[in-house]
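Using the supplied hints, reconstruct the complex from the two chains, each of which is provided in its own coordinate frame.
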Amino acid sequence: MMNSAMADDNNQAVASLEPIAMAALDAGRLLMEAGASAHGVEEIVDQVARGLGAERVDLRIGYASLAITVGIGNEGITRMRKVGNLGVNQRVDQELRHLADRVQRRELTPAETSAQLEGLVAKTPRHSPLVMAVAVGLACAAFGRLLGVDWAGTGPVFLAATIGQFVRRDLITRHVNVFICATAVSFLSSVLGGLGARWAGSQTVATAMIASILLLVPGVPSFNAQNDILEGRPTLGSARAVWVVVILIFITVGLGLGQALLVEGH
Amino acid sequence: MDLLHLLHQTVCGALAAFGFGVLFNIGFRSLPWCAASGALALAVRTLCQEYGWSLEAASFTAALAVGGAVQVLRSRTNISPNALDVAGCIPMVPGSFAANAILGFFALAAPNSAGATETLITAVGYALRVTFTIGAIGTGLAIPTLLLRVRVNK
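Quick note, the sequences are listed as chains A and B, same order. For the first sequence, counting from 1, position 201 maps to 201 in the numbering used here; every step adds exactly one. Position in the second sequence (from 1) plus 266 gives the number in the numbering used here.
The following block holds chain B by itself, in its conformation from the complex (with noise of 0.2 Å):
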């Protein structure tokens, strides 16, 4: 495993939610739970994916372990779980691919598009790849809050 490719992964997650972070108007004393929140976030995923996992079996691990934590750590954070837990897992939300996706779909459209077969292909493939990702970001969010809601109303 790469010590050092896990290292930048997990200190990028957290600078991003950090920064995401401030931009939702997250208190100061709460930002450093949201870094934290993101670097739990992407050191999970880079581990996964270390281990060969698709990047939406890591994602949905990744969102499942900071749902988790958010809702154990809850009483300790003073900031709403549901804004801890989304700003963790913004930085996998994966934009660049939606950007893609959609550039594929308007080069489809452009007149006398070349190789229009192998546009459409990586087109829906980014598509398909997006969609899956972030089900698999918000499902492995919405499970611990869910149960845990489950648990209260008992």
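Just chain A, same shape as in the assembly (with noise of 0.2 Å):
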């Protein structure tokens, strides 16, 4: 009798933890998939679990997945979130820890934050293609200039970014392997950079060449990486910084085959 009392509690205590570490746990892998730090996802799965009525909070960040031990008294439950795509996208990240804020003043119950994180990501509005793409190809051309790529090959830096960057969208939409998407859109953008550049007249086409492609350099992993081995995350961080070396490998073999192309072509 006694013993059936105290499984009840303990299923109680359990029913009452699982929205809590689910909703925590959300806010977590979508931190992740929007390109946080660690210590910036610690801090916000610490405020949701908290602000929902967690009194111990302990967060296990990997690479791939999310692991939280949330507890109220002596009751504890553990639960475990696979991790998405890692991006980049900071208004998600803005509107994450406006959501936060709700929940440490406790204007949210479990329910209402995890339907709250259910929609945000559809919710949060994104800079159009043709805007993203412009940008990209002014980011590249003044990357370009940073290089020392000249005047005449400045104009066709800015068009193969613009195309590489419109073509990355469309292979990221199809859900085309990243490392793949690297390397093609890398070949894309370097060969109608130098060829472009080649037709202007430009004296710096090698240069050009590489201007192109440096919308593809992950400076955001890098800098996380970073961060998370600077912040005590050594594991983390290690695997961020072999995915970028990977990535750049990726990268550079598509800048290898349009200079080939480009080479044996001339």
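Where hints are given, some of them may not hold.
Stated by the list, open to error - Every beta carbon over 12 Å from chain B, so not counted as near; a handful from chain A, in silico:
| no. | residue |
| --- | --- |
| 1 | Met22 |
| 2 | Gly71 |
| 3 | Leu108 |
| 4 | Gln203 |
To be verified - Computed, partial: chain A to chain B, Cβ under 7 Å:
| no. | residue |
| --- | --- |
| 5 | Phe143 |
| 6 | Arg145 |
| 7 | Gly219 |
| 8 | Leu248 |
| 9 | Gly256 |
Said to hold, decoys possible - Taking CB as the label site, the calculated pair distances span:
| no. | chain 1 | residue 1 | chain 2 | residue 2 | range |
| --- | --- | --- | --- | --- | --- |
| 10 | B | Ser320 | A | Glu112 | 53 to 59 Å |
| 11 | B | Val338 | A | Asn74 | 41 to 47 Å |
| 12 | A | Leu130 | B | Val338 | 33 to 39 Å |
| 13 | B | His271 | A | Met80 | 49 to 55 Å |
| 14 | A | Gly119 | B | Thr383 | 55 to 61 Å |
| 15 | B | Gly391 | A | Ala115 | 24 to 30 Å |
Calculated directly from the structure, the hints in this document are not laboratory data. Please read these numbers as outputs of a predicted model, since none were measured by experiment. Note that beta-carbon positions come from the ideal geometry of N, C-alpha and C, so glycine has one too.
Quick look at the structure:
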């Protein structure tokens, strides 16, 4: 009889902790996928879990998964969640921080928090593909000038990077593997940039080809890798660093193929 | 000091940071802050290089300046400090060095590669510069954040 009562209490505690753990994990997963560093993820997950009523929160952040233990009194549960592809989306990051502030002020229940998290990515606005492509083209052209591309080569870099960004977005929408996508876009942009620069009479064709692919350089992951290591998470930091090295190799393969094609063609 | 060169580098840094800000889906109202962050980074780096500093030392100082400025202005910008300082420092990432280093290593692996010693030295040189420069930028950005965190925790 007594054992049955204890089991009931335990089940009730687990039932109340379950939605807290899942809401906190969802917030952490979305933050990871939006490109936050491990410290940012830990901060927000802790804020959400405690705001929903947890007294103890322990989080383990892996490259492809998150695990959390939440507890109230003597009871506690551990749950794990898979993390998807890591990208960069600052507005999602910002929205998640606003949501975490509301949870901390006890304005939302666990169910309401989960409902808000579910629609958050879809509801958060993104720049249009055209604006994004033109901005990326502009950034690569400016990058090119910083690297020493002459004015004749700057226009072709702008066009090659703009087209490259369009193609990249399309490939990502079709769920093409991120490494294959990097090689394909790198090849296309470097060839277009090189051909355009040569046609425009540029004296810096090789640098223009490199500038055309700089949209692919994984800046945020490389800074996050270093931050994570500096903040005492060497495992996650190393995993991110390995990803950065591998994507750089794939980008360079595309560039190398492009250079080979132009040299052969010449 | 060549002021025209300084202006050119500053404007290019601002444009590159602005463009990457759009790619990172930063809102339109916050994009001028990204441009300002990139402009500051390139202005400081160019000034340091004008005084004969190495790329690594100049990048470290520029990242430190950006990290410090972002922490000071964090209440005004309505944007995550992490995103703002990363967007500002992206134009300093030595992507072309990384590409040249990896291409050099590929060339070494090719059959009958001529001038292997020179190619190896060049590729290793590029790889070291990439590593040190990214390390310098990351450390320069992290120091103001970590110092502020210590102050908040106290």
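Hint-by-hint comparison with the structure:
no., hint, result
1, Met22, "holds, 25 Å"
2, Gly71, "holds, 23 Å"
3, Leu108, "holds, 21 Å"
4, Gln203, "holds, 16 Å"
5, Phe143, "holds, 5 Å"
6, Arg145, "holds, 5 Å"
7, Gly219, "holds, 4 Å"
8, Leu248, "holds, 5 Å"
9, Gly256, "holds, 6 Å"
10, Ser320(B) <-> Glu112(A): 53 to 59 Å, "holds, 54 Å"
11, Val338(B) <-> Asn74(A): 41 to 47 Å, "holds, 45 Å"
12, Leu130(A) <-> Val338(B): 33 to 39 Å, "holds, 35 Å"
13, His271(B) <-> Met80(A): 49 to 55 Å, "holds, 54 Å"
14, Gly119(A) <-> Thr383(B): 55 to 61 Å, "holds, 60 Å"
15, Gly391(B) <-> Ala115(A): 24 to 30 Å, "violated, 55 Å"
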